[in-house]
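Residue numbers (the numbering used here), protein chains in the order written: chain A, 1 to 207; chain B, 1 to 95; chain C, 1 to 537.
Check each hint, because a few of them may be wrong.
With a straight-line Cα cutoff of 20 Å, these simulated EDC-like cross-link-like pairs (lysine to aspartate or glutamate) come out [said to hold, decoys possible]:
| hint | chain 1 | residue 1 | chain 2 | residue 2 |
| --- | --- | --- | --- | --- |
| 1 | C | K109 | A | D11 |
| 2 | C | K57 | C | E462 |
| 3 | A | K86 | A | E15 |
| 4 | B | K66 | A | D14 |
| 5 | B | K70 | A | E15 |
| 6 | B | K66 | A | E16 |
| 7 | A | K173 | A | E57 |
| 8 | C | K65 | C | D458 |
| 9 | C | K194 | A | D11 |
Rather than coming from a laboratory, the hints here were simulated on the basis of the structure.
Chain by chain, the residues run as shown.
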Amino acid sequence: MEHAHHVEHPDMYDEESSKIGMWLFIFTELLLFGALFVVYAVYRYMNPDAFHLAAEELNRMIGAINTIILLISSMTIAMSTTALRKGHRKLAIALVSITFLIGLAFLVNKYFEWGVKFSHGIWPGSEHMLNEMSQGEILFFGLYFVMTGLHALHIIIGMAIMVFAIRGLINGKVQIDRPSLLDNCGLYWHLVDLIWIFLFPLFYLIH
Amino acid sequence: MSGDKPHIVPYRVYLIILVALIALTLGSIWITSIEMAEYTVAAALLFAVVKSYLVLTYFMHLKYDKRYIKAMVGFVFAIFLVVIIITFLDYLFRA
Amino acid sequence: MQTSSAVNGANYLTYQGKYKGLLGWIFSTDHKRIGLLYMYSIATMFATGLLLGLAMKFELLAPGKTIMEAQTYNATFTVHGVIMIFMVVVPGLPAVFGNLMLPLMIGAKDVAFPKLNLLSWWLYVTGVFLVLAALLFGPGAPDTGWTFYAPYSFKTGTNLLPAVFGAFVLGFSSILTGLNFLVTIHRLRCPGLKWTKLPLFVWTLYGTAWIQLLATPVVGITLVLVALERVFGVGIFDPALGGDPILYQHLFWIYSHPAVYIMILPAMGAISEIIPTFAQKHIFGYKAIIASTMAIAFVGYLVWGHHMFTAGMSGTAQYYFSLLTFIVAIPSAIKVFNWISTLYKGAINVQTPFYWAISFIFVFMVGGLSGLVLGALATDVHVHDTAFVVGHFHYIVFGGTGFAFFAAMHYWFPKIFGRMYDKSWANIGWLVFTIGFLALYTPMFYLGIMGMPRRYYDYLEEFHGGNILSTFGSWVLATGFVIIVVNLIRSARKGEPAEKNPWHSKTLEWTVSSPPPVLNFDEEPVIGENDGPYNYK
Numbered sequence: 001m002e003h004a005h006h007v008e009h010p011d012m013y014d015e016e017s018s019k020i021g022m023w024l025f026i027f028t029e030l031l032l033f034g035a036l037f038v039v040y041a042v043y044r045y046m047n048p049d050a051f052h053l054a055a056e057e058l059n060r061m062i063g064a065i066n067t068i069i070l071l072i073s074s075m076t077i078a079m080s081t082t083a084l085r086k087g088h089r090k091l092a093i094a095l096v097s098i099t100f101l102i103g104l105a106f107l108v109n110k111y112f113e114w115g116v117k118f119s120h121g122i123w124p125g126s127e128h129m130l131n132e133m134s135q136g137e138i139l140f141f142g143l144y145f146v147m148t149g150l151h152a153l154h155i156i157i158g159m160a161i162m163v164f165a166i167r168g169l170i171n172g173k174v175q176i177d178r179p180s181l182l183d184n185c186g187l188y189w190h191l192v193d194l195i196w197i198f199l200f201p202l203f204y205l206i207h
Numbered sequence: 001m002s003g004d005k006p007h008i009v010p011y012r013v014y015l016i017i018l019v020a021l022i023a024l025t026l027g028s029i030w031i032t033s034i035e036m037a038e039y040t041v042a043a044a045l046l047f048a049v050v051k052s053y054l055v056l057t058y059f060m061h062l063k064y065d066k067r068y069i070k071a072m073v074g075f076v077f078a079i080f081l082v083v084i085i086i087t088f089l090d091y092l093f094r095a
Numbered sequence: 001m002q003t004s005s006a007v008n009g010a011n012y013l014t015y016q017g018k019y020k021g022l023l024g025w026i027f028s029t030d031h032k033r034i035g036l037l038y039m040y041s042i043a044t045m046f047a048t049g050l051l052l053g054l055a056m057k058f059e060l061l062a063p064g065k066t067i068m069e070a071q072t073y074n075a076t077f078t079v080h081g082v083i084m085i086f087m088v089v090v091p092g093l094p095a096v097f098g099n100l101m102l103p104l105m106i107g108a109k110d111v112a113f114p115k116l117n118l119l120s121w122w123l124y125v126t127g128v129f130l131v132l133a134a135l136l137f138g139p140g141a142p143d144t145g146w147t148f149y150a151p152y153s154f155k156t157g158t159n160l161l162p163a164v165f166g167a168f169v170l171g172f173s174s175i176l177t178g179l180n181f182l183v184t185i186h187r188l189r190c191p192g193l194k195w196t197k198l199p200l201f202v203w204t205l206y207g208t209a210w211i212q213l214l215a216t217p218v219v220g221i222t223l224v225l226v227a228l229e230r231v232f233g234v235g236i237f238d239p240a241l242g243g244d245p246i247l248y249q250h251l252f253w254i255y256s257h258p259a260v261y262i263m264i265l266p267a268m269g270a271i272s273e274i275i276p277t278f279a280q281k282h283i284f285g286y287k288a289i290i291a292s293t294m295a296i297a298f299v300g301y302l303v304w305g306h307h308m309f310t311a312g313m314s315g316t317a318q319y320y321f322s323l324l325t326f327i328v329a330i331p332s333a334i335k336v337f338n339w340i341s342t343l344y345k346g347a348i349n350v351q352t353p354f355y356w357a358i359s360f361i362f363v364f365m366v367g368g369l370s371g372l373v374l375g376a377l378a379t380d381v382h383v384h385d386t387a388f389v390v391g392h393f394h395y396i397v398f399g400g401t402g403f404a405f406f407a408a409m410h411y412w413f414p415k416i417f418g419r420m421y422d423k424s425w426a427n428i429g430w431l432v433f434t435i436g437f438l439a440l441y442t443p444m445f446y447l448g449i450m451g452m453p454r455r456y457y458d459y460l461e462e463f464h465g466g467n468i469l470s471t472f473g474s475w476v477l478a479t480g481f482v483i484i485v486v487n488l489i490r491s492a493r494k495g496e497p498a499e500k501n502p503w504h505s506k507t508l509e510w511t512v513s514s515p516p517p518v519l520n521f522d523e524e525p526v527i528g529e530n531d532g533p534y535n536y537k
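In isolation and in its complexed conformation, chain A is listed as follows (with noise of 0.2 Å):
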């Protein structure tokens, strides 16, 4: 059993595999969101005219200036991409760097969209909210703080991801014939984006 050398198993990098790999996990994460829809649509059914009435309380502006910025972050990963396979690494880490800044500012009017609602004494359990709410306005919120708050963590995740991605850009782990790093971060980003596509009209345009 004395074996001198190490065993080292196979490099089995695989473009196709990553990207059906980092598929099929967006795929649990669609329906990790669609659990939540799922409730969103019933409560909503349940409680029409006290979901109107609370989406009165959200910021159309806030919502609609973070759902662009959101928008323009996934053509400048999507384009970083395209930088990669022409062979401008610069260019790849600076558009993946523009997008993380891009997350910031996202995560930055979040934070602000809360504080607001906070000093309005809105929060789940808040004595405001028991007293002076309706059961569907509850609910409403309730809903609001976690699927608003899930997605924010994903930004957070996805944001986690490119500083990984940059690594690689600048050590050569990621690079022309192997890409699958960056194009799954950029993968990744797009579900962050298609998910805030959804939240966007049905929290804060229906009312």
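With chain A's structure known, arrange chains B and C on it following the hints.
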């Protein structure tokens, strides 16, 4: 990278898609400001579906991917839709 | 790869990787070692769950308090359920035999993402410890039942949060395993191994992986919601805040019903390998079995409501769910017919795996047919929440998965350990186990129809006889389990060295030495036009 050459999407395509997405966002804000009672939800969701189609097809490269990947994505959305419908078999018909 | 000559002669059990000793196992990305890690962890958890089950049966030996208070009994059945469902039967066949055999059966060196595979096991262990933390610390073990039904799950004073979080982490582990297998099956089949030449065990892993992927996130987020509701008082399912507890049940069963198909599909797959091998005959209706596998996976995803017939759903939903439940029975029956037809005129070699496989078919049929009683609206109202339900799902879940697990264990054992077990002790173990199983669960059907409710530590005097028989059965079953395990452990260390292909099977895993070499195949296998997993003469 075995064999099939990768498809490089031009920057221009992404820019065009972004413009379209922003236009649709503004469109959805505009249409929901019109009083249409229960159709407001349908209109907003219609815009969202078109937007997500663009994101999936271009930003997420599905247009250039193999057919089985497209089929998987379609299947997942379909099964989600079926789950919603079945759940509503309960809520729509409660006494 | 250049190092492979250095390990000539070493197999996956003996080679020395980057780390030594135990570390060489718990940090190994070799799919076979990970499979064994799962086997040992799952066996440990099964033994724990079994002890809790024995304690429950002992409590029910006589009416009134026998050994525990009602609250202890509630905690016992909750923990028994959480362990057996989330830690034993859901990961059971896919994580153990899927990991051990899938790459071998498709001629691959490993799964698509070996590191992710190791991460899955670590997540599994993390989940186990989280759940155990709920038992050992805090204000008492959870008492909600493994279903964590709202609103009790955020009202109970017991230590529920770690258990819920543990279940979430276990779900994540299960998702990653499924993801890994799907990519592996799509991308790593060896040349010539078309989809229509895949062994059926691989096909069932494929169907199972899809369910793991698409159903588990739903329960994941549902458990998160329960936790948020418990900690922050967010109104989601609390009727006092306008929530609908039945919606919790919908979301919970959207996962937990398909979960039984996560358990049973690979079990069916293992049986579909064993039956043709021991009949030395081509499996009857290969494509029909594939079709029925995918049909079960798909339709099984859409029938969750039959767990909620008495919860207050609309009548329309009840009819719909009842109808689809009956439809699921069709592909299940197709499989049974296929197995039986494979045996017809076969040259049957009666060995231990075959005994397990045949008894699997029997308990699966009893479990399945009693399921129809529960799938029909009127009879369900009569027997819901009685011992009948307990009997039914133990026949299906424990009988189905457990018997198939032992069948697979005795089938692949020589391949995994390179040694053969003592066959006569293995047969005795099977016989004792099966007798115990039948004595343990069969009385429950009778007791349930007579009206004995489930989940009580007490019962009326008139149910005494059936319960005595059932408790007695639990002792026999446990004895059988001990015989099986002792025999296997002893044989793994001291058994006769096994041949490459002791059962004369045709699938790829039997073409490599026993135990398999580190990277499985010295040369990548190629499947010819006329080869096939069941091409017996």
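Verification of the hints:
1. C:K109 to A:D11: The hint holds at about 11 Å.
2. C:K57 to C:E462: This hinted pair holds, its Cα atoms lying about 17 Å apart.
3. A:K86 to A:E15: Between K86 of chain A and E15 of chain A the Cα gap is close to 17 Å, so the pair holds against 20 Å.
4. B:K66 to A:D14: Given that 20 Å is the threshold and the Cα spacing comes to 15 Å, the pair holds.
5. B:K70 to A:E15: At roughly 17 Å apart (the allowed maximum being 20 Å), E15 of chain A and K70 of chain B satisfy the hint.
6. B:K66 to A:E16: holds (10 Å)
7. A:K173 to A:E57: violated (47 Å)
8. C:K65 to C:D458: Distance of about 7 Å is within 20 Å: holds.
9. C:K194 to A:D11: Given that 20 Å is the threshold and the Cα spacing comes to 24 Å, the pair is violated.
The structure shown violates the earlier hints numbered 7, 9.
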